[in-house]
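**Student:** Using the hints provided, position chains B and Y relative to the given structure of chain U.
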Amino acid sequence: MEEVHGSLWTLKELFTYPNEYVYWSLQIVLYPFMTGLVAGAFVLSSLYHVFERKELKEMARLSLVFSYALLVAAPLPLLFHLLQPPRGFYVFFTPHFTSAIAAFGVVFFAYAAIVASEIWFVNRKLFIEQAMRLKDAPGLGNRIKHMVYRVWSLGARDLSELALRKDERAVKALAAVGIPVACFLHGYAGFIFGSVKANALWMTPLMPIIFIMSAIVSGIALSMLTYIVIFELRRLKRKRPGAPAPRGAELNVIKMTSKYLILFMVTAMTLELLDLVFRGYTAVKHWDILRTVIYERDFVNIFVLQYGLGNLLPLALFLLPGLTLRRALIALALVLMGVFMMRWNVVIGGQSFSLTLSGYMHYKMPLIPTNYETYKEGLWGGLTIMASPFFFLWILNKVIPVIKED
Amino acid sequence: MISRRDFLKFSLLAGTGIGLSGLTGKLIWAGGTASREGLRAPTISTASKKWVFLVDTYKCVGCGLCVRACKLENETPYDAPVTRTWVERYVVKKDGSVVADSPMGGRDGYLKNDPQGIIVPPDEIAKAFFVPKLCNQCTNPPCVQVCPVGATYRSPDGVVLVDRKWCIGCGYCIMACPYGVRFFHPVYKVAEKCNFCYHRIWNGMRPACVDACPFGARLIGDINDPSDPVANVIRTERVAVLKEEFGTKPNVYYLNFDSVVR
Amino acid sequence: MKSHVLRPLYVVLAIVAGIFLARPFIVPADFGVHESGYMYGWYRKGNEEDWKNFKIKFKTREYCKDCHPETYSSVMKSPHSIIHCENCHGLAADHPEDPAKLSVPRQREHCLRCHSALPYPSTGRASIRGIDPDEHNTGVECVSCHSPHSPVSNPPSPPFSKGGMGGFEGGGR
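Chains as they are written, first to last, in my numbering: chain U, 14 to 419; chain B, 332 to 593; chain Y, 26 to 198.
Every clue listed holds true.
Part of the chain U face toward chain Y, derived, beta carbon under 10 Å:
#1 103
#2 105
#3 107
#4 111
#5 122
#6 126
#7 129
#8 130
#9 131
#10 133
#11 134
#12 137
#13 167
#14 169
#15 182
Capping the alpha-carbon separation at 20 Å, the derived lysine to aspartate or glutamate pairs in EDC-like fashion look like this:
#16 443(B) <-> 166(Y)
#17 82(Y) <-> 119(Y)
#18 268(U) <-> 65(U)
#19 82(Y) <-> 410(B)
#20 496(B) <-> 74(Y)
#21 126(Y) <-> 91(Y)
#22 574(B) <-> 589(B)
#23 298(U) <-> 589(B)
#24 210(U) <-> 575(B)
#25 25(U) <-> 445(B)
#26 268(U) <-> 337(B)
#27 443(B) <-> 134(Y)
#28 580(B) <-> 60(Y)
#29 520(B) <-> 16(U)
#30 70(Y) <-> 488(B)
Source of the hints: derived by calculation from the structure; they are not laboratory data. A virtual CB, placed ideally from N, CA and C, is assigned to each residue, including glycine.
Bound conformation, chain U alone:
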């Protein structure tokens, strides 16, 4: 007997429609999470390029490349989720723009183009220099690298002062354009959920903005976290005895960036609380069951994990005097967990109650995969996806060094 997609990991309680299952599971939680990290990391790097916060230079470099690694990884949750992954590209050939998903596909592609272009301008000099350096170098690895750099230079070999200044202006322009496009991108992700009138939890006009804010929060937090981890590892791994120790992560960079993080966190929390208060006050037909989901069944997920550990605690950790790198690291990990829980509580939470408004569904995440489906939409599929950006970052780092040795 063929398994019904969704029935394998759905537990139904009381009265639900026969065809109702948790169709959008872990991969759909991860997809807005990943694209949010892309947008957030990019906005952070743009803060340096557009608003010229010089202290953010190293962070900006890292977050720009990382946002590209995330961009490459971001379609993976979709490919895992689609029941017909090879047909996924139909969205580029016959887009139905009344669907937020179709529009999202086009915006995502445009955004990828902007990020890739910006990385090109930032690194063009590097590509050309490396291409020239590796021109006659022996060995297959070097020859491959040489070809890669040559292709990536797109034939633009001019390294004069004028050309480099043009590069800088292009970077600034792209970074500036990229900010509204990043908001557009995540606004659309929020619109995908917020416009589904059939789902009592999802439907709210606030969803696009809540998604944008928490996306920026997650991107900034991930960039800061990666910055600390990479720079501290570098510091601890002494290259040559007697040589000066490499600079570790700088606390004042973290302090400065954390102010932006706090700003967006507070905004996101305010909007979410506003939504909750409005729902309770207006108490429409679906409020009875929604209340039991939010305040009883999912209480721990929402108030303890997301709002408590994921928002309030990191806020306190950052605001209390005497911030250390270690405290920042813990706070950042908690923030990322909080943003993940927000996506979880929206996607899974929205499917925790039945369309009948008289029944419940529970997503029992497959822990040990028994077949391809339970791998893709289970714990191990999720872990694969979460590891992938780091893998891509490692590959990218080989050709576009994340850390520039001064």
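**Tutor:** Here is chains B and Y on its own, set in the frame of chain U:
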């Protein structure tokens, strides 16, 4: 801390992004809705058929033969816990509480007085009845609106169909349907739902569930045909539709409806 | 020296052009905006034909009557005339070519669909004669005593052996 100038710069950029999305959205949607037949009020025209369905919940006895016939006719795997049409049972107790269920969609009928597996003493029952459900073939189908690739659509005669060769299996249509009629086909791995047995109705036959029902609880008709008895009932008698508040304009009408029906 | 600034844009435009060039090979020619407009009518027109060509299997009792005239007339004279043959025997499809034989459901559960008495007065169920399945001859097949093709004119009598014809008129079996 961020200067006022920079904050304003940022807000302007972010606002442009949000504003742009709103503007393009409006342009695209407005362009799409202008030609949408659904906006216009239905006009009686003999040139085109428009299918409507009528369910009489008094006549339904919960035998489940419709579900069985549908599964066999439309090749939905018989033992899979999904079905294009189903029958729900509602038992309203004297204390006002409602116990409802639909085991396997009512495929095997209702053999015991045990909604949700709990026997209800007959003297506690105020009223109880069965409600057959199927795709409402909405005039404004939200499932069609959200399909990203155009794999589902509304045919000229008002039936919402799924193109099995084009569906990418994203599931957005399933999430968008307020009635829960859509599901993933276990074999074809694409979206699936009742289509009024389109292969039967286009050549004068009736949907399998309509034929199978021994009690005439299910009927299909053409609202544009002035001589159609089903259309006549819908026009002249007290009928209800499901979840009208969603604005979907469903085309399945119910006689002997009740407010406890979900 | 021409400005290199637009190079990445050219790459993007090349990709977009590639999509447009590949489109006629991937997207069927009849894909477009049809009668219901862009929002509700963006699809491949040929799919309507695909669905029209889906195989019809439920033939209704009119399909059965020519080969099974006695059973047909027996049923039509009884209260079971409202039930199509295929409701019990499975869909005819291309019977007798395919399937060669139809099933004969003998299990109690089939009859109990209608004839298990349920205390639901506000439905048509209340007007069907029914039994309590836990009390009335538990474990015994209904058809051992009752004839589904003529339930009234053949009242229950001592059980017949499984596979026997007794009380069952009509050809085919």
